[in-house]
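The letter at position 11 of the sequence shown is residue 10 when you use numbering that gives the first Met the number 0, and the numbering goes up by one with no holes.
Check the hints yourself; a few may be wrong.
Unchecked claim - What follows is a list of derived Cβ distance ranges for each label pair:
hint, residue 1, residue 2, range
1, GLU97, ARG34, 15 to 23 Å
2, ARG85, GLN124, 33 to 41 Å
3, ARG122, GLY37, 38 to 46 Å
4, ASN158, GLU78, 39 to 47 Å
Honestly, the hints are just simulated from the structure, not real lab data. Just so it is clear, the structure is predicted and the values come from calculations on it, not from any experiment. Note that beta-carbon positions come from the ideal geometry of N, C-alpha and C, so glycine has one too.
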Amino acid sequence: MGEKTAEALPRRALFGGNGTAGVMPWTDPQRIFERCTGCGACTRACPEGIVTSGRGGHPYIEFTSACTFCGACAEACPEDVFDTARTPPMAAVARIGESCFEPLGISCRACEDACPEMALRTRPQLGGTARVEVSDAACTGCGACVSVCPVNAVEIVPNA
0 MGEKTAEALP
10 RRALFGGNGT
20 AGVMPWTDPQ
30 RIFERCTGCG
40 ACTRACPEGI
50 VTSGRGGHPY
60 IEFTSACTFC
70 GACAEACPED
80 VFDTARTPPM
90 AAVARIGESC
100 FEPLGISCRA
110 CEDACPEMAL
120 RTRPQLGGTA
130 RVEVSDAACT
140 GCGACVSVCP
150 VNAVEIVPNA
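Kindly generate the complete structure, drawing on both the sequences and the hints.
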C-alpha cells in the first residue's frame with residue numbers, strides 16, 4: 000500500500016468528518032497532517048473552547064464563537080505545527096451559502112452585525128431582496144459570523 004499524504008486523505012477524514020473546512024490559525028492542513036501528534040494540547044488551551052480534535056487528534060475550529068487569535072493553541076503545542084509569525088494568522092474567509100435569508104427577501108443581517116472587521120455587507124438588489132457580500136481583503140476568518148447565522152448559511156473556508 001502507498002503512503003498516505005495530506006492530498007490523498009479526504010478532508011473529512013483528516014479533520015473529523017464534521018464538514019468543517021479544517022482551518023486553524025497560524026498553520027494549514029498539510030502542516031497539521033505532517034507534524035501534529037494528536038496530543039490535544041491546543042484543544043485544552045483554547046479559552047474560547049472552539050478548537051476541537053478530529054480523527055487522529057488533529058485540531059480544527061468548530062465556530063461556536065469567534066476565534067480571537069489569542070495564540071493559546073500555538074503556545075500550548077509541543078510540536079512545530081504552528082507558525083505565529085504567519086500573517087494573517089488565518090488563511091481563511093467567510094462564504095455565504097444558498098440558504099441565506101437575504102436573497103429570499105427575509106431581512107436578517109446577523110452576520111453583518113457580528114463581524115468585527117465589517118467585512119460583510121448587505122447589498123440591496125432589485126425586487127426587494129438583498130445579497131450579502133464578503134470582502135476577502137477585510138475578512139480575517141475569525142468566524143464571528145458563523146455562530147450567529149440562524150440557517151447555518153455561513154462557513155469559513157481556506158482563502159485560496
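Which numbered hints fail: Going through the list in order, the structure violates hints 1, 4 and respects the others.
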